[in-house]
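J.: Read off the chains here:
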Amino acid sequence: MTQAENLSQAFELGFTYTRSTGPVVGRFLSALRERRIFGIRASDGRVIVPPAEYDPDTAAALDEFVEVGQCGSIVSWCWVKQPRAAHPLQQPFAWAMIRLDGADVPMVHCVAAAAEEQLATGARVRVVWAEEPRGYITDIRCFELLGETVGETASPAGGSGAAGDLPTPGDVAAVTRIDAPIYLHYNFTAGAAPARFLTRIREGVLTGQRCPRCANVYIPPRGSCPACGVATDEEVVLPDKATVQSFTVVAIPIPNNPIKPPFVIANLVLDGANISFIHLMSECQNSEVHIGQRVQAVWKPEAQWTYAMDNIRYFRPIDEPDVPVERIGKLPITGWEG
Amino acid sequence: MAKLAAVVGIGQTHYKTRRVDVSIAGLVREAAVNALEDAGLGWDDIEAVIIGKAPDMFEGVVMPESYLTDALGCNGKPMLRVHTAGSVGGSTALVAASHVQSGMFKRVLTVTFEKQSESNAMWALSTPQPFSVHLNAGAGGYFAPIIREYMRRSGAPYDVGIRVAVKDRLNGARNPLAHLQLPNITAQEVEDSMMLWDPIRFLEACPSSDGACAMVIAAEELVSQSPRPPAWIRGVAMRSEPTMYAGREEVNPQAGRDCAADVYRQAGITDPRKQLDCAEVYVPFSWYEPMWLENLGFAAEGEGWRMTMSGATSLDEGGDIPWNCSGGVLSSNPIGASGMIRFAEAARQVRGDAGAHQVEGAKLALGHAYGGGAQFFAMWVVGAEKP
Numbered sequence: 380m381t382q383a384e385n386l387s388q389a390f391e392l393g394f395t396y397t398r399s400t401g402p403v404v405g406r407f408l409s410a411l412r413e414r415r416i417f418g419i420r421a422s423d424g425r426v427i428v429p430p431a432e433y434d435p436d437t438a439a440a441l442d443e444f445v446e447v448g449q450c451g452s453i454v455s456w457c458w459v460k461q462p463r464a465a466h467p468l469q470q471p472f473a474w475a476m477i478r479l480d481g482a483d484v485p486m487v488h489c490v491a492a493a494a495e496e497q498l499a500t501g502a503r504v505r506v507v508w509a510e511e512p513r514g515y516i517t518d519i520r521c522f523e524l525l526g527e528t529v530g531e532t533a534s535p536a537g538g539s540g541a542a543g544d545l546p547t548p549g550d551v552a553a554v555t556r557i558d559a560p561i562y563l564h565y566n567f568t569a570g571a572a573p574a575r576f577l578t579r580i581r582e583g584v585l586t587g588q589r590c591p592r593c594a595n596v597y598i599p600p601r602g603s604c605p606a607c608g609v610a611t612d613e614e615v616v617l618p619d620k621a622t623v624q625s626f627t628v629v630a631i632p633i634p635n636n637p638i639k640p641p642f643v644i645a646n647l648v649l650d651g652a653n654i655s656f657i658h659l660m661s662e663c664q665n666s667e668v669h670i671g672q673r674v675q676a677v678w679k680p681e682a683q684w685t686y687a688m689d690n691i692r693y694f695r696p697i698d699e700p701d702v703p704v705e706r707i708g709k710l711p712i713t714g715w716e717g
Numbered sequence: 081m082a083k084l085a086a087v088v089g090i091g092q093t094h095y096k097t098r099r100v101d102v103s104i105a106g107l108v109r110e111a112a113v114n115a116l117e118d119a120g121l122g123w124d125d126i127e128a129v130i131i132g133k134a135p136d137m138f139e140g141v142v143m144p145e146s147y148l149t150d151a152l153g154c155n156g157k158p159m160l161r162v163h164t165a166g167s168v169g170g171s172t173a174l175v176a177a178s179h180v181q182s183g184m185f186k187r188v189l190t191v192t193f194e195k196q197s198e199s200n201a202m203w204a205l206s207t208p209q210p211f212s213v214h215l216n217a218g219a220g221g222y223f224a225p226i227i228r229e230y231m232r233r234s235g236a237p238y239d240v241g242i243r244v245a246v247k248d249r250l251n252g253a254r255n256p257l258a259h260l261q262l263p264n265i266t267a268q269e270v271e272d273s274m275m276l277w278d279p280i281r282f283l284e285a286c287p288s289s290d291g292a293c294a295m296v297i298a299a300e301e302l303v304s305q306s307p308r309p310p311a312w313i314r315g316v317a318m319r320s321e322p323t324m325y326a327g328r329e330e331v332n333p334q335a336g337r338d339c340a341a342d343v344y345r346q347a348g349i350t351d352p353r354k355q356l357d358c359a360e361v362y363v364p365f366s367w368y369e370p371m372w373l374e375n376l377g378f379a380a381e382g383e384g385w386r387m388t389m390s391g392a393t394s395l396d397e398g399g400d401i402p403w404n405c406s407g408g409v410l411s412s413n414p415i416g417a418s419g420m421i422r423f424a425e426a427a428r429q430v431r432g433d434a435g436a437h438q439v440e441g442a443k444l445a446l447g448h449a450y451g452g453g454a455q456f457f458a459m460w461v462v463g464a465e466k467p
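These protein sequence lines are chains A and B, in that order. The numbering used here puts the first residue of the first sequence at 380, with every later residue one more than the last. The numbering used here puts the first residue of the second sequence at 81, with every later residue one more than the last.
What the hints contain is simulated information worked out from the structure, not anything from laboratory work. Every residue gets a Cβ at the ideal spot worked out from N, C-alpha and C, and that includes glycine. Treat the hints loosely; a few may be bogus.
As the list claims (entries may be wrong) - Just some of the chain A residues that point at chain B, by a computed CB distance under 8 Å:
1) Gln388
2) Glu432
3) Cys450
Claimed, not checked - A partial selection of chain B residues facing chain A, derived with a Cβ cut-off under 10 Å:
4) Phe211
5) Val213
6) Pro225
7) Gly235
8) Tyr238
9) Trp277
Can you build the whole structure from these sequences, using the hints too?
T.: Written as structure tokens, this is what we have:
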């Protein structure tokens with residue numbers, strides 16, 4: 380096999396999720412907005428913070444809210460020397476399991492500290508509230524150290540105990556939904572076969588691979604034949620003429636794609652290939668696109684070529700006779716004579 | 081040899097665009113509690129829990145099964161999450177069934193869900209890919225060219241899909257749990273609805289729903305402990321194939337034909353149209369009814385559309401083999417649960433428990449799910465009679 384370049388691309392995948400909290404978590408978040416912290420009493424009497432919707436032992440639905448204190452003790456921690464951009468604090472800090480006064484189960488949050496040495500099991504901490512609580516867990520900006528330490532088993536009593544005047548679901552004020560956008564950033568490294576394909580398409584050449592067993596030609600190549608399960612390494616340079624195997628006319632816009640609907644997305648098979656890929660069709664009447672139609676690539680100017688299939692802007696119809704359906708995907712590299 | 085097992089409890093939520101009143105845990109809990117109540121059982125009667133849902137990207141909760149153990153009473157029990165794309169509701173039911181049929185467990189709870197309102201499922205199915213042109217336009221964009229090829233080779237008239245879209249919505253109007261309630265829908269309305277992915281119109285496509293579906297499956301010796309009639313599991317089968325390979329038959333996938341042949345053989349079915357009383361089949365785009373009629377052996381190749389147009393699959397028209405009496409995926413689509421709803425609705429029919437969408441005297445029914453690029457298939461046949 381010809382040596383491929385090592386191709387890697389930074390990539391972002393993200394969605395703007397909106398989460399329904401349900402009544403229990405909604406009440407917890409509603410209370411945070413008022414700078415109060417509520418747990419829930421489990422079937423065995425323990426107070427769980429943040430509140431669980433269902434009992435971890437008996438599966439019973441839980442609904443007895445209990446207000447807990449705004450101070451607590453560290454049960455365990457780990458020190459973060461180099462905070463990342465997504466971390467809640469941008470100086471070195473600790474993630475900690477914190478048992479709030481009046482709670483029986485620790486919760487995870489961050490602790491601001493000048494140095495790792497200040498942290499200890501039993502170290503006392505206090506909530507630092509965000510300036511404008513909004514009903515998110517980040518309303519607790521962090522915990523700060525009080526400079527005292529208690530015995531590991533001590534769990535001082537909590538705040539007011541029973542949960543008094545909490546906003547409840549249905550109240551205008553209650554939190555019922557929260558925004559939870561998630562964006563993943565990663566580097567995608569193309570494998571050997573795609574990297575070779577991309578390297579060649581940067582030069583305006585379409586390169587597929589032939590399966591040594593079934594002799595079918597795949598483009599873009601994946602380095603193996605999905606039907607036979609064997610590695611493919613014989614390269615086949617293909618022309619930029621293709622046949623429409625099928626197509627759809629799409630009436631809705633694609634996010635972050637400037638193309639305006641309606642547009643034609645076609646399943647195209649290059650001459651000499653045995654598998655279709657999808658690409659745009661243009662310079663045609665949408666109503667005249669049909670199965671068996673002959674098309675050819677319209678390339679971007681050479682100066683804009685990069686490691687991408689969209690070096691081909693789209694495919695346009697050409698003046699060649701239609702390919703009979705039974706021959707689609709079976710044409711030789713030399714194309715279709717009609 | 082597999083041991084006998086039966087569905088003894090079924091629970092569903094009311095399918096809706098948004099269930100903002102509950103968390104994901106609250107949603108699955110509702111279906112599970114309904115199934116336990118239907119089975120006359122409590123959490124302690126369940127030995128294992130099998131959970132299914134479609135890709136985690138739909139809600140953005142990675143490995144939701146680990147967060148749902150409290151809500152589903154999994155403490156101290158084996159719990160397993162299944163994923164096979166859109167067919168997951170069916171394959172989850174089959175994994176649960178095999179836990180009992182193997183003799184390893186006596187009673188298993190199985191739950192599937194999707195809370196599509198938490199994100200945008202269409203674009204979660206069509207994410208941009210590195211080094212690629214972003215031209216994937218959702219499931220409709222993927223399946224539209226396959227439907228077009230079916231229309232070409234069968235010579236079916238343009239309005240077969242419209243007919244199915246109307247039929248399944250009229251069925252949905254009989255089912256109080258169905259998301260879409262369109263009792264007055266007309267063919268004209270479907271035809272006039274926006275062409276989204278030609279040839280798929282808006283009203284020929286499934287909705288996006290929030291919802292969950294659950295079942296309790298019990299071993300033979302415990303079936304009588306539940307108060308309501310059981311649905312005996314008479315055959316179970318799954319098949320899969322790669323999404324794309326040279327020469328792949330995309331319109332009438334081999335995996336679907338093989339899966340159907342397997343499940344029919346187990347249930348002693350040689351003529352599905354004649355021997356089955358009804359079927360709940362995964363039809364997310366209306367044209368998939370005639371396509372699956374052929375794939376599942378109810379009609380000869382190229383003839384599925386004639387069967388649809390004859391009214392044979394219509395409950396309202398008294399067809400001999402009603403399909404999707406519950407309204408189907410075209411009426412309710414919480415993706416991860418959609419396959420299990422087909423399995424559960426097939427069971428409801430043979431239990432005589434399908435209310436206003438009951439097929440009179442139904443004794444034997446097919447539940448079907450497919451997923452991915454029509455590459456994962458899951459099916460079961462359930463019957464009123466113990467085999």
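J.: Hints first: check each against the structure and report whether it holds.
T.: Each hint tested on the structure:
1. Gln388: The hint holds - Gln388/A has a Cβ within 8 Å of chain B, the shortest such distance being about 5 Å.
2. Glu432: holds (5 Å)
3. Cys450: violated (28 Å)
4. Phe211: holds (6 Å)
5. Val213: Since the shortest Cβ distance to chain A is 4 Å, the answer is holds.
6. Pro225: Because about 3 Å separates Pro225/B from the closest Cβ in chain A, which is inside the 10 Å limit, the hint holds.
7. Gly235: Result: violated, 13 Å to nearest chain A Cβ.
8. Tyr238: With a minimum Cβ separation of about 14 Å from chain A (threshold 10 Å), the hint on Tyr238/B is violated.
9. Trp277: holds (5 Å)
The structure does not agree with the numbered hints 3, 7 and 8 stated previously, though it agrees with the rest.
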